[in-house]
Amino acid sequence: MSEWKIYKIDQLKSSHKTAISIGPFGSRMKSDCYVLKGIPVIRGNNISDTPNFIGDFVFIAEEQAKDYKSSKVYKNDLVFPHRGNIGEAGIVTENQYKEYIISSSLMKLSCNTDLVYPKFLYYFFKSNQGRKKLLENASQVGTPGIATPLTSLKNIEINLPLLEEQKRIADILSCLDAKIENLRRQNETLEQIAQTLFKHWFIDFDFPNADGKPYKSSGGEMSPSELGDIPEGWRVGKFSTFFDLFSGGTPKTSISEYWSGSIKWLSAKDVTRNHKHFVIETEKTITSKGLQKSAAKLLPIYTTVVSARGTVGNYCLLSEEMAISQSNFGVYPKSSNQVFFGHLLMSSLIERLKSQAYGSVFDTVTASTFNELYILIPELNVAEDFENKIKLIFHKILLNEKQIKTLTKTRDALLPKLMSGQLRVKE
1 MSEWKIYKID QLKSSHKTAI SIGPFGSRMK SDCYVLKGIP VIRGNNISDT
51 PNFIGDFVFI AEEQAKDYKS SKVYKNDLVF PHRGNIGEAG IVTENQYKEY
101 IISSSLMKLS CNTDLVYPKF LYYFFKSNQG RKKLLENASQ VGTPGIATPL
151 TSLKNIEINL PLLEEQKRIA DILSCLDAKI ENLRRQNETL EQIAQTLFKH
201 WFIDFDFPNA DGKPYKSSGG EMSPSELGDI PEGWRVGKFS TFFDLFSGGT
251 PKTSISEYWS GSIKWLSAKD VTRNHKHFVI ETEKTITSKG LQKSAAKLLP
301 IYTTVVSARG TVGNYCLLSE EMAISQSNFG VYPKSSNQVF FGHLLMSSLI
351 ERLKSQAYGS VFDTVTASTF NELYILIPEL NVAEDFENKI KLIFHKILLN
401 EKQIKTLTKT RDALLPKLMS GQLRVKE
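What the sequence shown shows, in UniProt numbering, is residues 1 to 427, in sequence order.
Please keep in mind that the hints were generated in silico from the structure rather than gathered at the bench. A hint or two may mislead.
Below 20 Å or equal to it, Euclidean Cα-Cα: the simulated SDA-like pairs (lysine to any residue) are [stated by the list, open to error]:
(1) Lys199 - Phe394
(2) Lys297 - Ser240
(3) Lys402 - Asn187
(4) Lys276 - Thr189
(5) Lys334 - Ile377
On a predicted model such as this, the values are computed, not experimentally measured, just so you know.
Sequences are here, hints too, so could you generate the full structure?
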């Protein structure tokens, strides 16, 4: 590693006078400045665990953006939250926009590409070592923030290999991230297809009739009900007529033999982290004894889990048998032949469920809240035909999620070794 050399970030910035700068003061760019179309604003919630930004952008008018020249970022610029989501890093890659503005809670770095490959630097900051350096001057009092953020960033030291090796290292990690991103996009498309099919069949009532034509659009018979006109032969029933509802529990945290076992235990935090997705892993696990000595139950694969306290209405789908905490409810159709239809049906009820939440400190829903919901129950053959159409979609989504986890673990295992020089990448 004799060719590796230590630099401060200040030595790696481009020659542009605003190469290291901070976003506009909050008072200069408030939410009432946002417009429907213009220059996108990168905020902390747009930064993900891959180089691609996530979530929706807000925009400011192009004319107003001229006042924020020092806060503009372009391809290969790095961005860092100095308030809020501190310790994270993002990079502007090939994207749909040629320029962005960083929000008031972010700072930026434009690199001298003769010394450092921007993506290598990005991956350094995604490593535990780089994250630790970003947090050296952090305060967790109130809203998390970095003291003297620009000075802190400039003084961070990094050990760099030669530029060509930087590129080879970054290219390996980028390849893994590209595969992860491709699988995520596949899943987004598949999820949209499933939701569209559900709407077409059970909201628009254009499921195939006996002749294979859309039922309602082809003049199918409709009957009045408490929920409006519904197809002939369908009915309205209470939640409990279609679903079984499971509560959860937590083994005593003071008894170590109840924890760190082979049973995955889903907390409200896990549900929030996996909102609308399959859960592959949980933060904590419990033992068989912990399961037996608590109110926790082992729920079947494909159970939909809904958070019942705090962030009421977040939901996810179990990828295998798991236990859940008392902050969640498990929802499972009485017929195991309708698990994915049941999942989509439950997701369509979330807004109604949230509207019934109560609590002086935290929003809460109880078993009664669920059981007081009235739902539309289709004829059995329609529900099962739908299940047969969409189960392959959900199986593919789950397969992709498992591949994403494997690729993520591979990337995260390689990252510190590549960044430290423990693992070298030769030509």
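Under the criterion that the straight-line Cα-Cα distance not exceed 20 Å, is the pair Lys297, Ser240 satisfied?
Holds - the C-alpha atoms of Ser240 and Lys297 are around 19 Å apart, at most 20 Å.
Is it true that the CA of Lys276 sits at most 20 Å from the CA of Thr189?
Holds, at about 14 Å.
Lys334 paired with Ile377 [C-alpha distance capped at 20 Å]:
Since the Cα atoms of Lys334 and Ile377 sit roughly 12 Å apart, the hinted pair holds (cutoff 20 Å).
Tell me if the straight-line CA distance from Lys199 to Phe394 falls inside 20 Å.
16 Å, holds
With the threshold set at 20 Å, check whether the alpha-carbon distance from Lys402 to Asn187 stays at or below it.
Within the cut-off at roughly 12 Å; holds.
In this structure, every one of the numbered hints holds.
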